[in-house]
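Residue numbers (UniProt numbering), protein chains in the order written: chain A, 1 to 711; chain B, 1 to 711.
Hints listed in this document are in silico derivations from the structure and should not be mistaken for laboratory results.
Wrong hints could be hidden among the right ones.
Copies of the same chain are indistinguishable here, so a pair counts whether it falls within one copy or spans any two.
Said to hold, decoys possible - Here are the computed lysine to any residue pairs in the SDA-like style, where the Cα-Cα straight-line distance is at most 25 angstroms: (1) Lys-88 to Arg-675; (2) Lys-629 to Ala-531; (3) Lys-467 to Asp-288; (4) Lys-350 to Gly-106; (5) Lys-629 to Val-537.
2 protein chains.
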Amino acid sequence: MTRFIDWSTSVTDQLAEIVEDQLDDSDLEAAESSESTRIDVDEVHRALLGSWPAERQRARDIAADPAFWRDDSLSLAEHRDRVLAQVKLLAERGTPSLAFPKRFGGGENPGGNIAAFEEIFLADPSLQIKSGVQFGLFGAAIMHLGTEEHHERWLPGAMDVSVPGAFAMTEIGHGSDVSSIGTTATYDPETEEFVINTPFRAAWKEYLGNAGRDATAAVLFAQLITKGMNHGVHAFYIEIRDAEGNFLPGVGGEDDGVKGGLNGVDNGRLHFSDVRIPRTNLLNRYGDVAADGAYSSPIESPGRRFFVMLGTLVQGRVSLDGSAVVAQQAALAIAVTYGNQRRQFDNSGKGEETVLLDYGRHQQRLIPRLATVYAAAFSHDEFLREFDAVFSGAGDTPDRRADLETLAAALKPTTTWQGMDTLQVAREACGGAGFMADNRLTLLRHDLDVYTTFEGDNTVLLQLVGKRLLEDYAAKFKGADAREAARLFVTQAATKAFHEIGLARLGSIARDLGSSARSVGWLREPENQHALLAARVQDEIAEIGMALNRAAKAGRGEAAFNALQSRLIDASHAYGELIQWEAFTRKLEDFSPESETHRILTWLRDLFGLTLIERDLSWYLISGRLTTKRARLVTSYISRLISRLRPHAQSLVDAFGYTDAHLRAKIATGIEQERQTEAAAYYEELRASGNAPLDERVVYRQKRKAAKQAG
Amino acid sequence: MTRFIDWSTSVTDQLAEIVEDQLDDSDLEAAESSESTRIDVDEVHRALLGSWPAERQRARDIAADPAFWRDDSLSLAEHRDRVLAQVKLLAERGTPSLAFPKRFGGGENPGGNIAAFEEIFLADPSLQIKSGVQFGLFGAAIMHLGTEEHHERWLPGAMDVSVPGAFAMTEIGHGSDVSSIGTTATYDPETEEFVINTPFRAAWKEYLGNAGRDATAAVLFAQLITKGMNHGVHAFYIEIRDAEGNFLPGVGGEDDGVKGGLNGVDNGRLHFSDVRIPRTNLLNRYGDVAADGAYSSPIESPGRRFFVMLGTLVQGRVSLDGSAVVAQQAALAIAVTYGNQRRQFDNSGKGEETVLLDYGRHQQRLIPRLATVYAAAFSHDEFLREFDAVFSGAGDTPDRRADLETLAAALKPTTTWQGMDTLQVAREACGGAGFMADNRLTLLRHDLDVYTTFEGDNTVLLQLVGKRLLEDYAAKFKGADAREAARLFVTQAATKAFHEIGLARLGSIARDLGSSARSVGWLREPENQHALLAARVQDEIAEIGMALNRAAKAGRGEAAFNALQSRLIDASHAYGELIQWEAFTRKLEDFSPESETHRILTWLRDLFGLTLIERDLSWYLISGRLTTKRARLVTSYISRLISRLRPHAQSLVDAFGYTDAHLRAKIATGIEQERQTEAAAYYEELRASGNAPLDERVVYRQKRKAAKQAG
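In isolation and in its complexed conformation, chain A is listed as follows (with noise of 0.2 angstroms):
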């Protein structure tokens, strides 16, 4: 564009100063310098591979090797039956067993089960899916609800494949309320027998992995009955289907047939007539039942009792958290590798086209989600120490397993969102190639799309994270002096009701109406970012725990809470994002304070922060959080840490680790770099020949511009 305004300058100096912010001076001198640092790629590698790196690895070998692929030419059955072969080759090469105990050969290795298990995601989901529901359901239910009978009898069988299993939960009619599933389990003294039964239609279990094809057992979820009293939701040891894949008499079931993705795992429908089984395949870890039909249980509260029940199977959520990790990992080494390469439009007139991520809508598109997904790796890795502290026994306590099950209700909705948007993102950042499933972006996403459902709903995790967000709240006041309790509200959320007292009290915020507005030095400050998402997440609270408050106590507490949902919900996202850069910042600290690693990583730590603020700017400015003038400096800065971190978006994706054979996108593998120089070489060629033809365009232009000049 050129200079299509003509104005005097002497009018416009001022306001040109402020749109001059916009435009960034600084960008070029900031790329240049930057040009100069490089980030410790191996160093950066390993601090990515986490505290199970060797697992990790193993696991990222077996996702390289081809019999562990997806084929997308197959139909479905093939493509289901390339699945349970290869879940059984993985119980064969060893991985899933580090969760197992060591008397069954396993590794009592939680952790770096996890960590292996996420890797497979690469291979083929449906290979991650199909081999979680056998080991990391299946199998865990019959470990952590079972008892060393129980172990004994099944743990091989789930461990080496020979019985396929299913994890029966869900009901057609019960997803998010599992405490409220159809299905009975009725205690018969007189045989000492379970009764099976599937009462009604939305009883009958749904979308189960294995259940479609497959699995010759199940743990089945039932609400057990003995002596007339419903003991609320147990698991029970079930077989289904004899040798051949027949149903077991009493049983039934359907086929879910085609899903939009993960079709390599069979899931179905289940539902069951009066089946009986004997009463020792209860699954009696926490509550059992005697041959008299007495129940007695180690935890009294039926309610207690179901969290803790349902407690063990956190680790689904942890390895979701994580492989939504992997995919945007993924993605982003695939979208910013070939927009490092693929050139459209020669803006320059010179012959050569421009770079794709020299774009600045392009950088815009693809380096905010490349500081989202190092924020996600390095959060994703302490909540899995913390996970393997509990579930190896270092740290178990109901504290930390009550903490860990916020945590993951917090991490896992708000990761399988990012790598959603990431695969879209990059999907649509490589135009029609990003279409092509040779290019893995779009199938990856069909994939991932249900783990925003499966291991809890997100909307519904967040939900839970925002009641015990509005019970710690509540805590904090409980016993206080009402008007002391009171005050702290005051001085803690008034900054929206009237935010001039909130302006006086952040005083920083409200000086800042001068020159030195136009500092980032500010926003730089990682105190003041961690304020800024803190409040974010602390004021919301306060104030919806507040309005509840006030609501129950006019007899509107319900309808209080489902106009606050909304709000509630978006808390504990933003509580998500906050423990994400709570860990990013952590983490800067394992890199030497000197080194241009550690300057780059707080670059892009920087981004992710203010983009968080970005987004939700408008809060941050009705509550008084920050003046209309930092608000802008805000944008502006992402801006300049988008330009300096351009020059890195290749290494910092390089840093993943991932190979060809991991990412299986052809427009990554320099496969574009090749044609455009093929191209270019055939035009140097031709215009050396001297056989060019001339262009039109440039004959007319020269032909006009002789005419105006003649006139």
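Once you've looked at the hints, dock chain B against the given chain A.
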């Protein structure tokens, strides 16, 4: 939640008042009052059907005919076979011929043709796109770029599908930048032939529908070279396969194989080595070559000529806009119907679970998107009328053509992104059921994905819009006294720079700081919504224009454009949404202002406008266009509108007029309601029988209570 903070009311009264505002006391009243009102479903349905109701309804009948449905169980090859047969059947039914000349049995009804075409989406998007390639690209290129003789020779074969054809424009190396394609058509006066060549790998034609397998001919785009001059991209008719499906000599190609969606379409690549075609195969409406090789064209400027040629193909973008409306309507019809039947969690403790659409978050996910699709549908109909006016010849002026192209470039990206978003949100709102192919949402989304890329990448199109807006802006100041221009600009854009000035100018905004700020009346005024939405576009364009002007003076125009690219694209996107808002507002005039339909649709329009404003709320705050108090009102009034509209959600989707045969989503057929009724009846009967087991949770709570009272 119950009163967990019990502080003295006196201290917190003031705060509570603000919070109550958020809680929105008026919700219940609003919901009650609107229970008694109803939209006239038939009247709204007619409004949505738009200007070609008969053609649209006829195509809906086709989409409801099982012969045209997708069969999810088919393999890739079978799916392609089925779709090819369906395209032929479609030609027999006559719908596609609407676009073609009457002397070939066509309807010369461009608007009706597109309306009908859009509805084919719900039969199978693959069928839509394969027929779009055959009739809307291959056939339309012959019609628009060829002349009489070409029509005689080739239109009948295109129309009856005896010649399946490809549209060979895009190359591996050049998609968005068509003018840089590498394929050459060099005229040989000796033989009076064009010699077609693919000089390098990047010049292979790519992603061409029909080219993977079925096409026997193609309209080929190549650089026309004659007498040593390259006259730019022109279209040629070329045969590529013989009757047995083998490539003709010199022609080669590859099948694109599996894609992220649209797998019933056989996309593929083509390349040419010294393939000779007669001189008369040049589609010569806008450029011709005489037997001696002399080039002639009715359009002197090669640049304009290129754009005129491409402009004849704008109907593709028009039809994608409308198809994305159909996609959204289907998604919302499915998700709202299911959300009105599906229940989960007994929140009241009274034994009845809550309907999903009664949850605040669920409403917030679906109801604003209902507002969006109404805006999209009404703006699409205006767009289609404008297209018809230009292409029927009734209003074919260069200015209207140019405006039509800008409209297409603004609306196609806006609606296709809305479609992607709505399909995903609907899918997640339906949980695991949403992931099943049986419920349509995922597979429709897979197919819609590439609608954001083909017929012009959304990002590239929005940049075209941005350039046009900048040109208009520049034109406004052209010839104006520089000082005057600057003054104009200051009053227009200064709001952001110095918002005190802005506030002074925008008196009504500045004056609202008192108690009247609590009134939503101001936000309800369409003039104010329009002023806000327009300001978002105008101010941004003005500021970007000024920055570019200044940067150009400093010799940094290109860098500046790149730095501002992302903002320009966002402003263009906001322009597309503004057009939708305006069309919705105009459409309201068709309804009697006293009618309940008018009242409810006005809420819906308000919700659309305010949702857009809320998304960019930080921009409005920073620019001084909204005060923080009014900004908060935007959010709370949105909540109120959602509550008011909730009782009408089902009527609003019923008005789309799609039947089970169109939606083909099991969960939207009433099956969920049946299952719930069955389950409820089972429990009712169990209770009545006296055989219901006791619930341990109830017993436990009673025990605890008793113990507490005793202690």
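We went through each hint and held it up to the structure:
1. In this assembly of identical chains, Lys-88 and Arg-675 lie within 25 angstroms of each other by CA distance neither inside one copy nor across copies; the values are 41 angstroms within and 38 angstroms between.
2. Taking the shortest alpha-carbon separations for Lys-629 and Ala-531, both the intra-copy value of 18 angstroms and the inter-copy value of 24 angstroms come in at or below 25 angstroms.
3. With identical chains, the CA atoms of Lys-467 and Asp-288 are never at most 25 angstroms apart, being 31 angstroms at best within one copy and 73 angstroms at best between copies.
4. In the homo-oligomer, the alpha carbons of Lys-350 and Gly-106 never lie at most 25 angstroms apart, since the shortest distance is 63 angstroms inside one protomer and 47 angstroms across protomers.
5. Taking CA atoms no more than 25 angstroms apart as the test, Lys-629 paired with Val-537 passes in both settings, with 23 angstroms inside one copy and 21 angstroms between copies.
Hints 1, 3 and 4 from the earlier list are contradicted by this structure; the remaining hints agree with it.
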